[in-house]
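**Student:** So the protein lines, in turn, are chains A and B. Read in this note's numbering, the first sequence has 227 at position 227, and its numbers run on one by one without any break. Read in this note's numbering, the second sequence has 57 at position 57, and its numbers run on one by one without any break.
Mixed in with the good hints there might be a few duds.
Remember, identical chains collapse to one label, so a pair may be satisfied in a single copy or spanning two.
Stated by the list, open to error - Dumping the calculated SDA-like pairs for lysine to any residue here, alpha-carbon to alpha-carbon at most 25 Å:
hint, residue 1, residue 2
1, K5, N44
2, K170, G219
3, K91, V178
4, K222, R120
5, K91, A40
6, K222, S6
7, K5, S27
8, K78, F20
9, K195, S8
10, K191, D13
11, K222, S21
12, K71, K91
13, K217, S99
Hint data in this document are derived by calculation from the structure and do not stem from the laboratory.
Protein chains: 2
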Amino acid sequence: MSKDKSFSRSEKDGLYKAIFSRRDVRSHFISKQIPDETLAKILNAAHHAPSVGFSQPWNFILIKDHETRQKVKQSFMKERKKSILMLDNDKSKQKKYKSLKLEGIMESPINICVTYDPTRFGPFVLGRTSISETGVYSVCCAIQNLWLAARVEGIGIGWVSILTNEALHKILSIPDHVRPVAYLCLGYASKFEAKPDLENAGWLQRIGLGDVISYEKWGVCKTHSWAQFCDCVKDIR
Amino acid sequence: MSKDKSFSRSEKDGLYKAIFSRRDVRSHFISKQIPDETLAKILNAAHHAPSVGFSQPWNFILIKDHETRQKVKQSFMKERKKSILMLDNDKSKQKKYKSLKLEGIMESPINICVTYDPTRFGPFVLGRTSISETGVYSVCCAIQNLWLAARVEGIGIGWVSILTNEALHKILSIPDHVRPVAYLCLGYASKFEAKPDLENAGWLQRIGLGDVISYEKWGVCKTHSWAQFCDCVKDIR
């Protein structure tokens with residue numbers, strides 16, 4: 001690794017390649033075990049995320065146990081059913097939903113529950129005094145670091161959000177004051193799709209970059225001082 | 001960029017280098033303008049974050065206007081004062097807090113407000129039906145992508161959380177249903193500190209990696225099947 005503070009062309013490319021080829025992986029898990037050093041390395045990447053007031057409010061529960069994962073899978077099955085019922089008035093979307101593979105809880109070798117502890121270094125957390133949600137935002141930044149580091153190692157991560165926090169609290173003995181933020185399934189992947197599964201399946205399309213940017217105020221699509229930049233982003237997807 | 005799905009040594013190093021050398025930058029901004037192509041590139045990196053149900057619920061308000069930034073700075077000043085009052089019973093911490101540089105709103109060439117729109121592609125968002133907060137978690141992943149991409153370009157980002165969402169709503173004409181998530185200050189930096197400012201200032205220390213990991217359940221520090229891994233992480237910081 002170049003010790004210099006600036007990045008070589010190939011180092012830069014590595015970051016962008018990780019960002020653009022990272023996927024939510026629910027299929028293609030292979031049985032190859034993740035070496036301890038690699039798992040430690042990607043967890044350390046997560047641990048070096050930014051955190052409000054340097055509060056580092058995250059915890060990582062590593063799960064291999066078959067029975068524990070079965071219980072989590074049951075919560076997924078229950079919540080999936082509820083989702084399907086919600087689509088009762090849109091049969092075409094309901095059918096598509098049913099056809100999608102949405103988790104790899106049992107197929108992946110490791111599951112990780114990432115949690116947020118609002119009491120860490122508290123009650124006064126620098127920078128969290130005006131907007132209390134910034135604490136959990138830090139945990140999400142750690143998750144994204146973990147996801148990108150896994151990607152460069154060839155490890156896929158799938159985030160299972162179709163389950164309840166109540167179930168996770170109970171199954172994993174998480175204290176009441178701690179909030180589960182993500183339930184992740186990790187494993188080496190035989191394949192990373194070129195596009196997100198939901199884009200491939202025609203569920204939704206990627207929005208144009210220009211459509212999520214505004215200038216100086218909400219919803220303003222062009223101003224004098226940003227005119228050239230507007231042109232620069234208008235065709236990017 | 002190697003078209004291969006696997007990462008070269010140097011591409012891998014680039015990702016880890018970005019993660020470990022990323023800082024919350026409040027000082028060291030230089031006046032050099034950010035080229036349109038570079039700004040578009042790092043925003044596109046943000047736009048390629050994972051999002052629940054591929055909902056892409058983020059918006060980016062780009063701000064150069066001096067008057068707008070002055071108003072945001074006023075909100076910061078007000079909230080900073082409140083924070084200082086909260087430390088009235090800990091004079092040593094209060095003194096330290098007062099000495100810290102916590103934002104670069106006026107010194108940085110560009111500010112970006114990142115927001116969360118829960119109505120995007122709604123009301124049914126796949127994967128958000130059981131845990132509604134997952135929508136805003138996606139926005140945080142986008143912010144971390146932006147932060148890392150900025151880092152490889154030599155651009156520092158400082159996240160200002162000492163202000164109110166009410167002020168941001170008003171100053172930037174953000175609709176009621178949209179939530180401001182982050183107010184970021186961006187600019188080329190003459191320097192990236194080796195450690196976080198708050199660690200350098202002795203505000204808090206980095207926790208050992210082993211202390212934020214547990215096994216199979218909350219708070220379990222060792223199990224038979226994880227014994228070797230426990231040893232592997234115990235000295236990592």
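**Student:** None of the hints should be skipped; say for each whether it holds.
**Tutor:** Now the hints, each set against the structure:
Taking the closest pair of Cα atoms, K5 and N44 come within 25 Å of each other both inside a single copy (20 Å) and across two copies (23 Å). In this homomeric assembly, K170 and G219 come within 25 Å of each other (Cα to Cα) only across copies, at 14 Å, whereas the closest approach inside a single copy is 43 Å. Taking the shortest Cα distances, K91 and V178 never come within 25 Å of each other, neither inside one copy (38 Å) nor across copies (30 Å). Taking identical chains as interchangeable, the C-alpha atoms of K222 and R120 lie at most 25 Å apart only when they sit on different chains, with a minimum of 22 Å there against 43 Å within one chain.
Taking CA atoms no more than 25 Å apart as the test, K91 paired with A40 passes in neither setting, with 45 Å inside one copy and 39 Å between copies. In the homo-oligomer, the alpha carbons of K222 and S6 never lie at most 25 Å apart, since the shortest distance is 33 Å inside one protomer and 40 Å across protomers. With identical chains, the CA atoms of K5 and S27 are at most 25 Å apart between copies only, with a shortest distance of 16 Å across copies and 38 Å within one. In this homomeric assembly, K78 and F20 never come within 25 Å of each other (Cα to Cα): the closest approach is 33 Å inside a single copy and 40 Å across copies.
In this homomeric assembly, K195 and S8 come within 25 Å of each other (Cα to Cα) only across copies, at 21 Å, whereas the closest approach inside a single copy is 27 Å. In this assembly of identical chains, the alpha carbons of K191 and D13 lie at most 25 Å apart whether taken from the same copy (20 Å) or from different copies (22 Å). Taking identical chains as interchangeable, the C-alpha atoms of K222 and S21 are never at most 25 Å apart, the minima being 31 Å within one chain and 34 Å between chains. Proximity of K71 to K91 under the C-alpha cut-off of 25 Å is found in neither arrangement, the shortest distances being 29 Å within a copy and 49 Å between copies.
Taking CA atoms no more than 25 Å apart as the test, K217 paired with S99 passes in neither setting, with 41 Å inside one copy and 32 Å between copies.
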